[in-house]
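Line by line, the protein sequences give chains A and B. The numbers in my numbering rise by one with no breaks, and the one at position 88 of the first sequence is 95. The numbers in my numbering rise by one with no breaks, and the one at position 194 of the second sequence is 374.
Keep in mind the hints are simulated off the structure, nothing from the lab. You may find that some hints are simply not true.
[Said to hold, decoys possible] Residues from chain B that face chain A, not an exhaustive set, calculated with beta carbons under 8 Å:
hint	residue
1	S229
2	M233
3	F234
4	L237
5	L333
6	P335
7	Q388
8	A389
Ideal Cβ positions, reconstructed from N, Cα and C, are used throughout, including at glycine.
Here are the chains, one letter per residue:
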Amino acid sequence: MRTLINVPKTANKGEIVEIRAMIAHPMETGYRTGENGVPIPRRIIHRFTCSFAGREIFAADLFPAMSANPFLAFTTIATQSGSFTFTWTDEDGTTQSAAAEITVT
Amino acid sequence: MRGRPWALLLLAAVLAAAAAAADIPEADRRSGYELMSPELRAMQDDELSNPGMFSVLDGERLWQEPGGAAGTACAGCHGDAEESMRGVAARYPAFDAALGRPIDLAGRISQCRTERQEAEPLPRESEALLALSAFVAHQSRGLPIDPPDDPRLQPFRARGAELYQTPIGQLDLACASCHDDNWGRRLGGSTIPQAHPTGYPLYRLEWQALGSLQRRLRNCMIGVRATPFDFGAPELIELELHLMARAAGMAMETPAIRP
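Kindly generate the complete structure, drawing on both the sequences and the hints.
Next up, the structure:
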């Protein structure tokens, strides 16, 4: 699955930074049928987390009513240089991760 | 018999109305983009929040991937798409001398795939063909639509213009009835746009996916309860020729967002 992450490359210490993350995912509700009338199996991401330097800083539960390719935006305070890790977990337990670096001066 | 003159009068009135359906003056032309909410426009403008970019990125990967019996990638022949494909989508459909008829961008890509890569054809509306089309068309983002001044295209373009004015379906409406005469007004929950093909393939929220111009046109035909032309049908390419001529000079937006 593809992800698009937007984290500022640099920030001043104490600055509020916006983080945006989107993942290519069908978020299939399980209520739709395909062309031949066969139900399309449910497939949704049910949790998204973002951690910085190993500590969780943001998390969200997702539900079938969310659109395909969920887009999440949130803010945090830049404290030190390091790496953000983004994790999406499907209902069946499969996870997908992405990372982005920030340099704080 | 008595009713006859009335019927004729009515017909005349309808025809007069049809004749009044004038083209949209150049100064009033608006891309569907301009009729969207600021939120949707922002979603389209920012490539990191535009879900159509997922397909562009997939297309970029496919562009590099050796394929078919020839084992050649698109990049193997065309090199850097940023240079070789710049402006290409803005001048399609183009005339194909070997076929003796116009071909759209997706058709040209399929042709390269089957004839030059010697690979399995990609079905219309398949994810891979949409991704390659989106990737190629993305290289024209911001460039003006530039229909070729090729006399061989003229009869096909003229047929497209005629189709555009012809009432179809149980609702007996022409494309022009909505898109020239009633653009900007609401139909159910949607604003009727002017039908400019600036953003294709594009990500439609209703589809929750990327789709082609042909999918869009088929949707409109089903909307008026007409039997839609099949994907790849010559009529859809003729309509596209007309739409591109109407939109000449407008900026390409691929991958656009639409509601």
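How the hints compare with the structure:
1. The interface hint given for B/S229 holds, since its Cβ lies 6 Å from the closest Cβ of chain A, which is under the 8 Å cut-off.
2. Here the hint on B/M233 is kept, as its CB sits about 6 Å from the closest CB of chain A, short of 8 Å.
3. For the restraint placing B/F234 at the interface with chain A, the shortest Cβ-Cβ distance is roughly 4 Å, inside the 8 Å limit, so the hint holds.
4. The restraint placing B/L237 at the interface with chain A holds, with a minimum CB-CB distance near 6 Å, inside the 8 Å limit.
5. The beta carbon of B/L333 comes no nearer than 35 Å to any beta carbon in chain A, farther than 8 Å, and the hint placing it at the interface is violated.
6. Proximity of B/P335 to chain A is violated relative to the hint, the smallest CB-CB distance being about 36 Å (cut-off 8 Å).
7. Evaluation of the B/Q388 hint against chain A yields a held restraint, the C-beta minimum of about 4 Å falling below 8 Å.
8. The beta carbon of B/A389 comes within 7 Å of a beta carbon in chain A, closer than 8 Å, and the hint placing it at the interface holds.
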